[in-house]
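> Protein chains in written order, with the numbering used here: chain Z, 200 to 546; chain L, 1111 to 1370.
Hints may be right or wrong, so weigh each one.
Mimicking BS3-like on lysine-lysine, the simulated pairs with C-alpha atoms at most 25 Å apart in a straight line are [stated by the list, open to error]:
{"hint": "1", "chain 1": "Z", "residue 1": "Lys-510", "chain 2": "L", "residue 2": "Lys-1363"}
{"hint": "2", "chain 1": "L", "residue 1": "Lys-1365", "chain 2": "Z", "residue 2": "Lys-510"}
{"hint": "3", "chain 1": "Z", "residue 1": "Lys-274", "chain 2": "L", "residue 2": "Lys-1279"}
{"hint": "4", "chain 1": "L", "residue 1": "Lys-1363", "chain 2": "Z", "residue 2": "Lys-425"}
{"hint": "5", "chain 1": "Z", "residue 1": "Lys-274", "chain 2": "L", "residue 2": "Lys-1277"}
{"hint": "6", "chain 1": "Z", "residue 1": "Lys-530", "chain 2": "L", "residue 2": "Lys-1363"}
{"hint": "7", "chain 1": "L", "residue 1": "Lys-1175", "chain 2": "L", "residue 2": "Lys-1328"}
Worth flagging that the hints you see were computed from the coordinates, not collected in a lab. If you're wondering where the values come from, they're calculated on a predicted model, not measured in any experiment.
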Amino acid sequence: MNLEEYKGVFVFAQQVDNKVSSIALELIGEGKRLAEKLETEVTAVLVGNDVKGLADELAAYGADRVIVVDDPELKEYRTEPYAHALASVINQYKPEILLVGATAIGRDLGPRVSARVHTGLTADCTSLEIGDFPINPVPGKEQKHNQLLMTRPAFGGNTIATIACPDFRPQMATVRPGVMQKLEKKEGAKAVIEEYNPGFTPDNKYVEIVEVVKNLTDTVDIMDAKILVSGGRGVGSPENFKILDDLAEAIGGTVSCSRAVVDAGWKSKDLQVGQTGKTVRPNVYFAIGISGAIQHLAGMEESDIIVAINKDETAPIFDVADYGIVGDLNKIVPMLTEQIKAAVASK
Amino acid sequence: MKVVVCVKQVPDTKGGVKFNPDGTLDRAAMLTIMNPDDKAGLEAALRLKDQYGAEVTVVTMGLPKAEEVLREALAMGADKGILVTDRVLGGADTWATSQTLAGAIRNLDYDLIITGRQAIDGDTAQVGPQISEHLGIPVISYAQKIQIEGDSVIVERQYDDRYHVLKAKMPCLITALAELNEPRYMTPGGIFDAYKAEITTWGRADLKDVEDSNLGLKGSPTQIARASDKVRKGKGEKVTLDPSESVEYIMNKLKEKHVI
Chain Z
200 MNLEEYKGVF
210 VFAQQVDNKV
220 SSIALELIGE
230 GKRLAEKLET
240 EVTAVLVGND
250 VKGLADELAA
260 YGADRVIVVD
270 DPELKEYRTE
280 PYAHALASVI
290 NQYKPEILLV
300 GATAIGRDLG
310 PRVSARVHTG
320 LTADCTSLEI
330 GDFPINPVPG
340 KEQKHNQLLM
350 TRPAFGGNTI
360 ATIACPDFRP
370 QMATVRPGVM
380 QKLEKKEGAK
390 AVIEEYNPGF
400 TPDNKYVEIV
410 EVVKNLTDTV
420 DIMDAKILVS
430 GGRGVGSPEN
440 FKILDDLAEA
450 IGGTVSCSRA
460 VVDAGWKSKD
470 LQVGQTGKTV
480 RPNVYFAIGI
490 SGAIQHLAGM
500 EESDIIVAIN
510 KDETAPIFDV
520 ADYGIVGDLN
530 KIVPMLTEQI
540 KAAVASK
Chain L
1111 MKVVVCVKQV
1121 PDTKGGVKFN
1131 PDGTLDRAAM
1141 LTIMNPDDKA
1151 GLEAALRLKD
1161 QYGAEVTVVT
1171 MGLPKAEEVL
1181 REALAMGADK
1191 GILVTDRVLG
1201 GADTWATSQT
1211 LAGAIRNLDY
1221 DLIITGRQAI
1231 DGDTAQVGPQ
1241 ISEHLGIPVI
1251 SYAQKIQIEG
1261 DSVIVERQYD
1271 DRYHVLKAKM
1281 PCLITALAEL
1291 NEPRYMTPGG
1301 IFDAYKAEIT
1311 TWGRADLKDV
1321 EDSNLGLKGS
1331 PTQIARASDK
1341 VRKGKGEKVT
1351 LDPSESVEYI
1361 MNKLKEKHVI
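Produce the entire structure from the sequences given, and follow the hints as far as they go.
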C-alpha cells in the first residue's frame, strides 16, 4: 500500500428515506476542519437511489465535492450493496481519511468496509485531531506526521483511548452522533458533483428486505431537545411517567429515559440515552429515578446543567450532577411542575 | 443444523471499575462475566437447539482463563467449547481478532454464526461484521428477533426509528442485541457436566487460511497512541431536604441559570 497515493477527507453522507441525516452534516463540518489542517478538501459520499438532489444540501453545509452512487439496489440500507458502493469509492478515489457516523447503519457498514479494503477502523469516536504518531518521539521508531488521532471512550466510558492507523489507508473512524459541529449553512454554495456507479450484481450476500416497519410514534428527536426530562427504573411504572410528561410540558422539554426503562418495555428505544442509546447534550438534563450506570453517564454527562433526583444518596448519578436532590421523586416532581407552571404564568 | 456462537469474557463494568496506580485498568481486580450481548446470542442458539435440535458450538478467543465462559456456556446447554489462545494472538485489534475467529471458524461446519452486537469493554460492534466479511457470508447486525424458514433465516434488524424484516440464505452471521431474549440460567446438572467436559484448545497452528501478518498486535492496523482514565465532570452539589424545600432549591437554581 503506497500511503502517499491517498489524499483528501471523505465522509459517508448517510441518508434515510432520501433525507440527509444530521450526522452527515456533522461529519462534513468535522471533515472540513481536518481537511483545512491537511490543506486538502472534504468529499461527501452520497449513497442511495434518486439521491442526487441532496447534493446541494451537502454543499451548503461545506462539502467541496459530492460523489453520488445512485442505484436501485441502494433504495433501502442493506449491508452488502452499501459496503460495495463505499469500498468501490475507496478503491477508486483513495481517500486518506474516511469518517462514518456511529449510527445503527454506520456501525454495520464501517466494519464491513474496513475489512474489505483491509484498513483499521476506530469505533464511536468523540474527538478527532491531526497530529504525530507516536505522539512523543520514540527512539528507533519513525514518527509519522499528519496522522488522524482518533479518541474514543472505552469500558463504558471509564477510559479514554487515542488510536492511530499509521500504516494503512484510509484511516477510518465511526463518529458518535451529536458530538461534532455542523458548519453554518451557506445557501447557494456549490460542490463539484461526480457520479460513480461500480455496478451491483446481487449474490449470496444480498439479503432480502421482507418488510420495513417504522415506529409510528411521532416524537421529537431527543438529540435535538434543549431540555430533557429523563426517567429511569426509579419512576416505578410506565403510568407514572405521566409526572415526567407533565414536567416536560411545563418547562418546554422532551421526555427521554434510561436503558432499564427500554428493557422493561416502558418506553421505545428512540428515547434511550446512553452508550447503546443516544448521546445527548441539552442545556438542562433532569435525571429522575436514574441511578446513573456508567453506560448512561457516557450518553449525557456533557449536558450543560444536570439536575438529579434520586432517593438513593449513593447513586452514581450524583457524581456528575450539578444539582443533586436526595428525595422522593413522586413528591418532588409534581410540586416542581406546579411551581414552574406558576413561574411561567407570572411572566 | 449447526450454529457457532462467538462469546467474549469481559470485565464486569457494572460491578465498578478498578484502576492501577498508573491509570490503566486493573483487570485482575475486576470480576469477569460473559459479555451480555453474546449471552443473548448464545440463548438464541440454544433456542434453535430446543426447537430444531441444532448443534451449538461456542468459540472464544482470549487468555487461558477465558475457558470459564466456555464452561458457563456448556452449563447453559451448548454442545462444544473451543478456546482459541496463543501468545502470538495477543494485543489484537478488531481486524486481527476477526481474522483469528474467522480462521478458527473455517475449521467448522456451520449454518449460522451468532455473535453479540458489541462487548461492554470495547463497545466497538466491529468483530461480528468483520468475521462475516472474511468468510464471505451475509451479516445481519442488531437482531431483535430470529426465526428459521427452510434454508433461510428471517431476522428483525433494529434501526433508530424502525426495524427491517430481513431474509438471508444460510450460512449467515447475525449479531444479537441483549434485548433479543432473557438468557436461561445454568442448570445444576449442566454445571456438573460442564466442569468435567473437555474444552478444545486451539493455537495459531490450528487457524485456517490466515496469514501471520494479520494476527496479534503486529497484524493490527490500529495502534494505541495514548490511553487514560477519563476525567469526569466535577461533582456538583448534593442536598437532602424535605420535598417543598427541594422544589424551592431546584427553582432557585433554574432561575439563577435563566432556564425559567
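> Which numbered hints does this structure break?
The structure conflicts with no hint, since it agrees with every one listed earlier.
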